[in-house]
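Q: Line order of the protein sequences matches chains A and B. Quick note on our numbering: the first sequence kicks off at 53 and runs consecutively. Quick note on our numbering: the second sequence kicks off at 53 and runs consecutively.
A hint or two may mislead.
Each pair may be met inside one copy or between any two copies, as identical chains are not told apart.
For lysine-lysine, the following DSS-like pairs were computed, each having C-alpha atoms within a straight-line distance of at most 27 Å [what the hints assert, rightly or not]: (1) LYS202 x LYS173; (2) LYS73 x LYS174; (3) LYS189 x LYS73; (4) LYS82 x LYS160; (5) LYS217 x LYS189; (6) LYS73 x LYS198; (7) LYS217 x LYS83; (8) LYS160 x LYS73; (9) LYS82 x LYS173; (10) LYS160 x LYS174; (11) LYS174 x LYS217; (12) LYS217 x LYS198; (13) LYS173 x LYS217; (14) LYS173 x LYS73.
By construction, these hints were calculated from the structure, which means they are not laboratory data.
Number of protein chains: 2
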Amino acid sequence: MSAIQQNVESSSAAYSATFTKGHLALPPAKKYLVLTCMDARIDPTQAFGIELGDAHVIRNAGASAVDALRSIVISEQLLGTTEIVLVKHTGCGMLTFRNEDAYGIVEKNLGQEAVAELNEKKLNFLPFPELEAAVEKDVAFLKASKLVPKSVVISGWVYEVETGKTRRVV
Amino acid sequence: MSAIQQNVESSSAAYSATFTKGHLALPPAKKYLVLTCMDARIDPTQAFGIELGDAHVIRNAGASAVDALRSIVISEQLLGTTEIVLVKHTGCGMLTFRNEDAYGIVEKNLGQEAVAELNEKKLNFLPFPELEAAVEKDVAFLKASKLVPKSVVISGWVYEVETGKTRRVV
Numbered sequence: 053m054s055a056i057q058q059n060v061e062s063s064s065a066a067y068s069a070t071f072t073k074g075h076l077a078l079p080p081a082k083k084y085l086v087l088t089c090m091d092a093r094i095d096p097t098q099a100f101g102i103e104l105g106d107a108h109v110i111r112n113a114g115a116s117a118v119d120a121l122r123s124i125v126i127s128e129q130l131l132g133t134t135e136i137v138l139v140k141h142t143g144c145g146m147l148t149f150r151n152e153d154a155y156g157i158v159e160k161n162l163g164q165e166a167v168a169e170l171n172e173k174k175l176n177f178l179p180f181p182e183l184e185a186a187v188e189k190d191v192a193f194l195k196a197s198k199l200v201p202k203s204v205v206i207s208g209w210v211y212e213v214e215t216g217k218t219r220r221v222v
Numbered sequence: 053m054s055a056i057q058q059n060v061e062s063s064s065a066a067y068s069a070t071f072t073k074g075h076l077a078l079p080p081a082k083k084y085l086v087l088t089c090m091d092a093r094i095d096p097t098q099a100f101g102i103e104l105g106d107a108h109v110i111r112n113a114g115a116s117a118v119d120a121l122r123s124i125v126i127s128e129q130l131l132g133t134t135e136i137v138l139v140k141h142t143g144c145g146m147l148t149f150r151n152e153d154a155y156g157i158v159e160k161n162l163g164q165e166a167v168a169e170l171n172e173k174k175l176n177f178l179p180f181p182e183l184e185a186a187v188e189k190d191v192a193f194l195k196a197s198k199l200v201p202k203s204v205v206i207s208g209w210v211y212e213v214e215t216g217k218t219r220r221v222v
């Protein structure tokens with residue numbers, strides 16, 4: 053067992069020993085979802101004030117709304133959420149490369165078969181060159197999608213990894 | 053401003069007031085990623101013992117490895133992670149419907165234009181009928197992908213929303 057797997061086991065033992073929230077319902081109690089980046093420096097629970105059971109939390113590279121659409125539709129149409137809080141962040145890795153750079157790195161590290169799989173899956177890494185503009189663009193994408201009802205409240209934010217602050221963009 | 057937006061602002065003010073982790077580096081310090089579900093009843097930080105800055109956390113509906121592939125490749129190839137901890141959970145919404153059910157709900161709630169967008173994007177909601185089998189299938193998918201080097205350590209787990217425990221499946 054790896055050290056990381058051992059850490060999951062010991063953390064689980066400690067967490068479950070004092071766990072008292074086994075009664076929570078499946079649908080988020082406060083009917084909202086947070087979409088943010090997978091970045092290791094973000095703790096959405098603490099930074100954005102999410103109580104256990106209150107909100108779906110979707111995380112991917114760059115907090116991409118395009119990439120998260122499947123989960124967003126499930127959250128809204130099957131589990132009743134009606135508000136989206138989208139949070140990108142300063143210092144995001146997605147600001148540092150272009151799609152073709154990522155394809156080049158995959159080819160160098162993993163070879164032609166891996167690039168063939170990228171091509172077959174039409175995988176777009178969805179990087180972005182400018183942070184606030186990317187927040188605005190993703191919010192606009194969600195507002196334009198027929199899969200997101202007009203009644204859904206959508207806000208776009210930036211989390212600052214340097215200060216721990218979250219500020220509204222749109 | 054909505055009550056949820058007000059909560060983000062007040063939580064951010066409290067969190068940033070005592071924030072001391074502004075120095076953390078972009079790549080995860082412990083070089084691993086956790087893939088889990090967006091479910092509101094999961095707090096990965098506490099339940100799986102993730103220290104701020106140590107691991108990428110990817111979350112989507114059902115902890116789908118297929119859906120997370122873009123983020124996983126970025127995590128490994130661009131940001132140096134070498135281990136994947138995949139955690140699905142009991143009581144998951146993805147156990148409760150089939151893809152055609154979700155299409156039917158979208159059609160009923162949002163109409164033909166929304167279904168046309170689902171079809172255009174070839175959106176598969178990726179539900180699964182059995183929990184442990186789904187963990188095994190997703191781990192097998194990652195192990196078979198040319199985009200995941202053989203050197204990457206992969207484990208599959210189930211988090212129990214009733215008890216707060218996380219147990220290893222594969």
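Q: State for each hint whether it applies.
A: Evaluated hints:
1. In this assembly of identical chains, the alpha carbons of LYS202 and LYS173 lie at most 27 Å apart only when taken from different copies (20 Å versus 31 Å within one copy).
2. For the homomeric pair LYS73 and LYS174, neither the shortest alpha-carbon distance inside one copy (41 Å) nor that between copies (37 Å) is at most 27 Å.
3. Taking the shortest alpha-carbon separations for LYS189 and LYS73, neither the intra-copy value of 37 Å nor the inter-copy value of 29 Å comes in at or below 27 Å.
4. Taking the shortest Cα distances, LYS82 and LYS160 sit within 27 Å of each other only across copies (24 Å), while inside one copy they are farther apart (46 Å).
5. Taking the shortest Cα distances, LYS217 and LYS189 sit within 27 Å of each other inside one copy (22 Å), while across copies they are farther apart (39 Å).
6. With identical chains, the CA atoms of LYS73 and LYS198 are never at most 27 Å apart, being 36 Å at best within one copy and 40 Å at best between copies.
7. Proximity of LYS217 to LYS83 under the C-alpha cut-off of 27 Å is found in both arrangements, the shortest distances being 24 Å within a copy and 25 Å between copies.
8. When the C-alpha separation of LYS160 and LYS73 is checked against a cutoff of 27 Å, the pair qualifies neither within a copy, at 47 Å, nor between copies, at 34 Å.
9. For the homomeric pair LYS82 and LYS173, neither the shortest alpha-carbon distance inside one copy (36 Å) nor that between copies (29 Å) is at most 27 Å.
10. For the identical chains of this complex, LYS160 and LYS174 are intra-copy neighbours only, at 19 Å inside a copy versus 30 Å across copies, given an alpha-carbon limit of 27 Å.
11. For a Cα distance limit of 27 Å, the shortest separation of LYS174 from LYS217 qualifies neither inside one copy, at 36 Å, nor across copies, at 37 Å.
12. In the homo-oligomer, the alpha carbons of LYS217 and LYS198 never lie at most 27 Å apart, since the shortest distance is 32 Å inside one protomer and 39 Å across protomers.
13. With identical chains, the CA atoms of LYS173 and LYS217 are never at most 27 Å apart, being 37 Å at best within one copy and 35 Å at best between copies.
14. For the homomeric pair LYS173 and LYS73, neither the shortest alpha-carbon distance inside one copy (40 Å) nor that between copies (37 Å) is at most 27 Å.
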